[in-house]
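Trainee: Required output: the full structure, derived from the provided sequences and hints.
As given, the protein sequences belong to chains F and C, one line each in that order. Take the first sequence: its position 35, counted from the start at 1, is 34 in numbering that gives the first Met the number 0, and no numbers get skipped. Take the second sequence: its position 445, counted from the start at 1, is 444 in numbering that gives the first Met the number 0, and no numbers get skipped.
Please keep in mind that the hints were generated in silico from the structure rather than gathered at the bench. Please read these numbers as outputs of a predicted model, since none were measured by experiment. A few of these clues could be false.
Covered, in the sense of this in silico footprint (three residues per stretch, anywhere, with C-beta under 8 Å from a C-beta of chain C), are these stretches of chain F [what the hints assert, rightly or not]: (1) 19 to 31; (2) 58 to 72; (3) 84 to 93.
For glycine and all other residues, C-beta sits at the position ideal for the given N, C-alpha and C.
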Amino acid sequence: MGANRVGEFELLVLLAALRLGPAEAYAVPIVEDIEMRTGRSVRRANVYTTLQRLEGKGLISTWMGEPRAERGGKARRLVTVNPPGVDAVKEAAAEIRAMWGGLETIIGDIA
Amino acid sequence: MTTPRWARALIRRIAPPHQVEGMIGDLEEVHRHRIKKRGRAIAIMLTAIEALTISFSLLVNRTREILSGGFVTGSEARLALRLIIRNPIMSFASVVALGVGIGLATTGFTLILAILNPKLPFEGGDRFVDIRILDEETGQPRFLEAGLYRLWTDAASTVEHLGAARTRVLNVLHDNGEIEPTRTMEITPATFRFLPFVPLVGRTLQPVDGERGMEPVALIRENLWERRFGRNAGVVGTRANIGGVDRTIVGVLPAEAVYPAFADVWIPMSLSALDQPAPGTDFSLFGVLPEGGEPTTVQAQLTSLGIDWAVDRPGTRPVLLHVRTVGDTDGTERPGIIVVVVLIGVLVVVAGNVANLIVARTAARRSELAVRTALGASRARLVAQLSLEVLFMGAIAGGLGLLASQSLLSAVVQSEAEDIPPWLDLSLDVRTAAFVILITLGATVVAGVLPAMRATKADIGQQLRGGRGTAGPMFKWFDHSMIVAQIALSIGILGTALMIHHGWMGGYAARDLDIPSEEILSVSLTLSADLPADVAADSIKTMLRAVESAVERIPGIISSSATRHVPGSDAPMVPLIVEGEMDVAIPPIQHLPTARVGSGFFELLDAHPIAGRLFRVDDYDRAAPKVALVNEPLVQRYFKGVNPIGRRLRVARANDDGPAVWHEVVGVVPELGLSSTDIERAAGVYLPFEGDKSFTLLVRANGPPGSLIPLVRNAVFVTNPEVAVNHVGVLSEGIKARRKVYFIIGSAFTALGAVVLVMSLISMYAILSFEVTRRTREIGVRIALGATSVRILQPVLNRVGAYVAVGGAIGTGLGLLLLSLARATLVMRFPSTGSGTFILLVMGALFAALLAAWVPTRKVLAIRPVEALQAE
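Mentor: So this is what it looks like as structure tokens:
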């Protein structure tokens, strides 16, 4: 338990990658997804370094897609969340829920 | 439509290789989206900012990884140390090279720091100003006159204190009868109110000490107190004979008392010392500004007072003043800064050299690195590990360089040389330490981190699969320019050093003078008394005769002779005019070495005239016809072998309007050492010695004269205590010592050049070895397809030729520049030889470079194509 604890921004990146799915998750839509849902401004540089870190921890894998014309013939580096990554997300969510318990009367429900 | 090229190049350079394509694709995709949404101009701006931000974040991330990723684990440190020990030759060469570079750069930095920090190192030191007195008409320095000094001290309101000081070597007679020539400071006693020196024992000087009729007193400095009195506090109140005057020692100054100059004895200046103004009085003037005072206002007021003073005294020329804060470098620090930049340049070249060695060795470890990567080691970790080894070597080299630099600077300070400002602070301080750390880290980055990044840039996976990878040179231009710079530097330094060394040691300087130098003592004397110019010459002659006869009374001494020139040293170059130009074409004014020698000089040296006669005693009479002797090389060189006896010559003066004083050539003597090193400067003239305050007494003994030295010192002191004996030594030892100095300097330069040349050849070998090893498979394929050895070797040899040709050309230019600089600035002279040395050197370097290229190439050519294809 807790071997692969993730930080707040790492959690957001993991959630965005899970939502987008292995065929569409790469840095550009991950940024857009986080910005759209949280309303905060995200720098792509931070996403790159976070992806590097997550890959180093073994929580995600990356792989090159097909070259695409709209990208000047460059391929996309797509992200797949590995099972340990999914576990890390679940653990983070459980921790938040556990800490939330009993505070509903003060700050309302979690969702 | 595409992103700026530089942005792509930046990311390509900084991002991990496997992420480059994805990141550039993302940049492109977002850029196109921005163009549609916001227009081209804004899109370019935003994309540029984004590329910079991404690059910066990646760099920060990589640094963080290196620092937090177990940069120095125990096992990695041990591995690095093991690699250093396992390659002792390379490690030694790297440490020595880096140490020399760091030492040189640190020495230069410390000197510049001291020069750029001109304030005297005590509180209120910035209020001290130097006041130079010049002749308004000629711009030449003028001596300080008593009347002017009194006027300035009485009337000047822009300066709080005007002081004067001079240093002379005076004889101090110790209790045991020993005479010690000691540097003595004569200073206005009131100056001590502004100096921070607290006496260790007793008191300092007081204004009354300089007044007429007061008891003569003296201070001694800590160095002398320790050396001669064993720090005995009882020294205060004792009497000592200093320069023939019995003085009471009233206090001991600390060793830090070094302003206005180094001196072990300090005595009060009496205004009467200025009453007989004479050349050689040599008092220097300085002032202390009031709070907020400016040197320029002092200059204006003193100049104005000086003009009024000159107007009141017809026939007196006005003075010109130059006032500046003590230590104000007045722009003279610029050459020093250039020296530091050059020294740091040397360090960069050295670090680049070490980098090449590291690259070549790392190339051999690529398979090991590939395996480590496959096992999960990050690139940052590999870079850190490879850099650690260089960091260790850099730390050792930094320590050694700092040690060497401090030893050198400490030797400079302890020499208490007169031309070094004594208050220069050359000790190690925080800034120097920070500089050493900085340049050591810088050298480590150049020599360790860059090669490591380059070695690990390969797609390691490809390597494991047997591919060639992309481990090409990351900074190819860097390698090329480093090798060319090294070759240029080595040929420039080595060529210059060899020419100077050969000039000094190879010919003229190495010869034995045909004189009995083992039986001659050379006694350097200075008359410390102030004599008016009009009586000086006769007084000195009288004093000289007294000293000579006292010395000749010592048993074992045969004869003595005063001279301004010591055989085997450089005689001053004097502008001479030779009368008539009928026989040979002689320029109207010729600068020739000219020695003024006393009666009996040639007889003392056992020299006989080749033609004509030697000087006679009556030639030294003021009223006698003026005569001269010339030496044999001058006859050969300027008179083309024609007998010069009867020809006349004279000294060319700046204002050549008085009656010409011609000297008739009455004899020709052999070559007796008018130059220490240069045969071309040995062709010269001898004139009779006319008396001077500084001269050398040559003393001929009837055997080895070493044991007579104390007797000679005493004889001089007893005859005239105001004659300071600066140095006594056997002439042959002096010649040997001078030759040794030349030998050491020449050898040091030669060794430095040789080290740089060898390093550049090793570096070239390392680079080519790396290149050839990397291309083993390609060469194998080409051999299999029938390529000849010549075709395969040609590009390598072409490149070596280009290195040496470009480096050799630059190096020859650099060397010729260094030679002309050395000729213009070195006090020591050396002969000019042809530039053939540089041609030979370039050819030698080409041969050695081809050898360096041939060794690795031969290995590859010797293997069979099948083996070559199995390489890596």
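Trainee: Honestly, which of those hints from before does the structure not fit?
Mentor: Number 3 - this is the single hint that the structure violates.
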